[in-house]
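Chain by chain, the residues run as shown.
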Amino acid sequence: MSTEKGWGMRAFDWFEERLPIVSFIDHSVGSKYPAPKNLNYFWNFGSLAGLVLVIMIITGILLAMSYTPHVDHAFQSVERIMRDVNSGWLLRYMHANGASFFFIVVYIHIFRGKYYGSYKSPREVLWWLGIIIMLLMMATAFMGYVLPWGQMSFWGATVITNLFSAIPLIGDEIVTLLWGGFSVDNPTLNRFFALHYLLPFVLVGVVVLHIWALHIPGSNNPAGIDPAPQDKIPFHPYYTAKDMFGVGVFLLAYFTVVFWFPNAMGHTDNYIPANPLSTPAHIVPEWYFLPFYAILRSIDDKLTGVILMFGSILILFVLPWLDTSRVRSATFRPIYKVLFWIFLIDCVVLTWCGAQLPEGLPLILSRVGTFWYFFHFLVLLPVVGWIETPKPLPTSISTPVVPKPAE
Amino acid sequence: MADTAENQVVPTEDESRRDFLLHATVATGAVGVAVSMWPLINSMNPAADTLALSSVEASLAGLEEGQAITISWRGKPVFVRYRTAAEIEEARSERWQDMPDPQPDEERVQNDKYLIVIGVCTHLGCIPLGQKTTETRGDYGGYFCPCHGSHYDLSARIRRGPAPTNLEVPEYTFLSETNIRIG
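If you read the sequences in order, they're chains Z and B.
Read in this note's numbering, the first sequence has 103 at position 110, and its numbers run on one by one without any break.
Read in this note's numbering, the second sequence has 202 at position 132, and its numbers run on one by one without any break.
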C-alpha cells in the first residue's frame, strides 16, 4: 500500500489538526468508544431519545414559523397549520406525538437504568443529569401543550401554575409572577412560547453533559459488572448498526401513530378554543404526567400533595444512596427483581388512576399506589440491600454469555 | 466468511459483497433522509391561504388622465398610471432597441392609456418614486428609485442606473373597460 495520502485525506488532516471535531465524535459515539459486548436492546433507548429530540427541534422550529403566540391568534394559527400550511398537519402530528414518544422512550430508558442499577457508583452524576433532562422535558412538554390555546391548554396551564400557590407565604406572588398578570393570559402565553423554544436547546446542552458523564465510566451492561477491556467492542460499527435497527423499528411505531392514530394520545377538548370563563368537566394532563397527577390528587391537603408530587421525581436524585446494595443488575438480586416489577406495575396503576375522577376505587388505588411508591424508595430499597443475598456474580461479562467448556 | 466467487455481487478485486451491502444500506438511508426532508422544507413555501390571495380586482373608473393609483397585490405595490397622449407618444418615439433591456412600449401595455407594472425596483427591491406628481420621476419622466438611483421611463423601462431589467409587468386582464384583475 502506498503511504502517499490523497488530497482529500490531507485536507481532512489539516482540518483535524485545527479542530479535532471528527475524532471527538468518533470518541463519543464512534469506533474509539469501547462498549461492553453484552448490551441488549434496552440499551437502544438512549440513542432513540437523542433521535426524538432532533425530530422535535426540527419540527418545532418549522412549526414556530407558522405559529402566532397571541391569545387571539394562537388557536387559529394552529388550525391554519393543520389546513393551509404545506405538510403542516404532518409537522404538528409529528411534534405532538413526538412528545409522547419522547416520554415513552425516556421512561423505558429510566426503567432500564433502574433494573440494571445504572444509577449506582460510579454513575451517580450521569443519573442526576438524566433526571435534570427529564425535568426539563416535563417543563418543555407542559409549556408546549399550552401553545395551541385550546381548553386543555388553558386549564392545564391554570392548574399547573396554581401548584406554586401552595408554597406558604409567597405562593400567590410567585403565581402572579409566572402569569405576568392575574390569570393565565397573553403574557403567560408569550413567555411560555419563549421558554418552550429555549428549553430544548438547554436540553441539548445537558444531553452533551449526560454523554460526557457516560464516557467517564463507560456504559453499564446487563450483567452490571465492570467489563474487562477484552470484553468491549467498538461502538461503531457494532452499536451504531444495532442502534440503526432500533431506529427503524421505532420509526415504524412512531409513524404508525402519526399517520393513523394522530389524536389517540391527545384530548378532544383541546380542539375547543380556550375559554377563561368555563372549565371543562374533566381535565386531565397528557398521559406522561398522569402518575404524578395521581400522586398529587391522592392527598387531601394542598401543600402535601404538591410536595409529594415534586418529591416523587426529586427522590430519584438520592436513589443511588437509597439503594444500599452494591450489586447493580437485578439479574443477580432475587428480591429486588420482584420489587422492580411491583414498582413498574405501581407506576402503571398510578397512570391509570391519574386519568380517572378522584373518587371511589381510583382514589383508593391512588393512595395505595402513592404509599407504595415512597415505601419502595424510602424503606424497601435500603432494607432489601442489607438483607438480600445476591446470586454469585460472574467473573466477567463473557461468563454468562459463553458457558465454560466441560472439563 | 463464506465469501465465494458465486455469491459476490460485484466480482471485482476491490469490492466485496460486504462492501456492496454497506454501500447499498448507506445509499438507501441517505435517499430516505433526503426524501423525508422535502415535506419539511416545502412547509416553508406559501401556504394554501396565501396562494388563495394571489389575485386582486380593481376599478380604474375614477382615474383621470395623468393620474396614478397604487394597488396592493401579494404584498407588493402595483403601479397603474393613466398616461397622457403626449406621454404615450414620448414612450414610443425613442429607439427601444438601444435601451439596456430592449422592449417596445406596445409589448408592455394592453391598453395604451394604462401603464401597469409592479412597483418594485429590479435592482434590490425598493419602491421607486413617481406615482405622485410631487415626487421626482427621474430623468426620463417615469420612475426614479431613490435607493441606488435607477431611472425608469414612461414605459417603466430601465434607462440609467444599476437596475438590470425593466419594471416587471404583472399578469393582468381587463374584465371590462375600467376593471382589471391582477394575478
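Be aware that a few hints might be false.
[Stated by the list, open to error] FRET-style restraints, in silico, Cβ to Cβ:
#1 Z:G173 / B:E205: 43 to 49 Å
#2 Z:Q69 / B:R162: 24 to 30 Å
#3 Z:V152 / B:E205: 57 to 63 Å
#4 Z:E166 / B:P232: 58 to 64 Å
#5 B:D119 / Z:I101: 51 to 57 Å
#6 Z:W345 / B:A97: 54 to 60 Å
#7 B:P232 / Z:A234: 27 to 33 Å
[Unchecked claim] Chain Z stretches covered by chain B per the calculated footprint, using a threshold of three residues with CB under 8 Å from any CB of chain B:
#8 67 to 77
#9 80 to 88
#10 211 to 220
Keep in mind that the hints were calculated from the coordinates and are not lab data.
From the three backbone atoms N, C-alpha and C, an ideal C-beta is built for every residue, glycine too.
Output the numbers, in ascending order, of every earlier hint that fails for this structure.
Numbers 2, 5, 6, 7, 10, in rising order.
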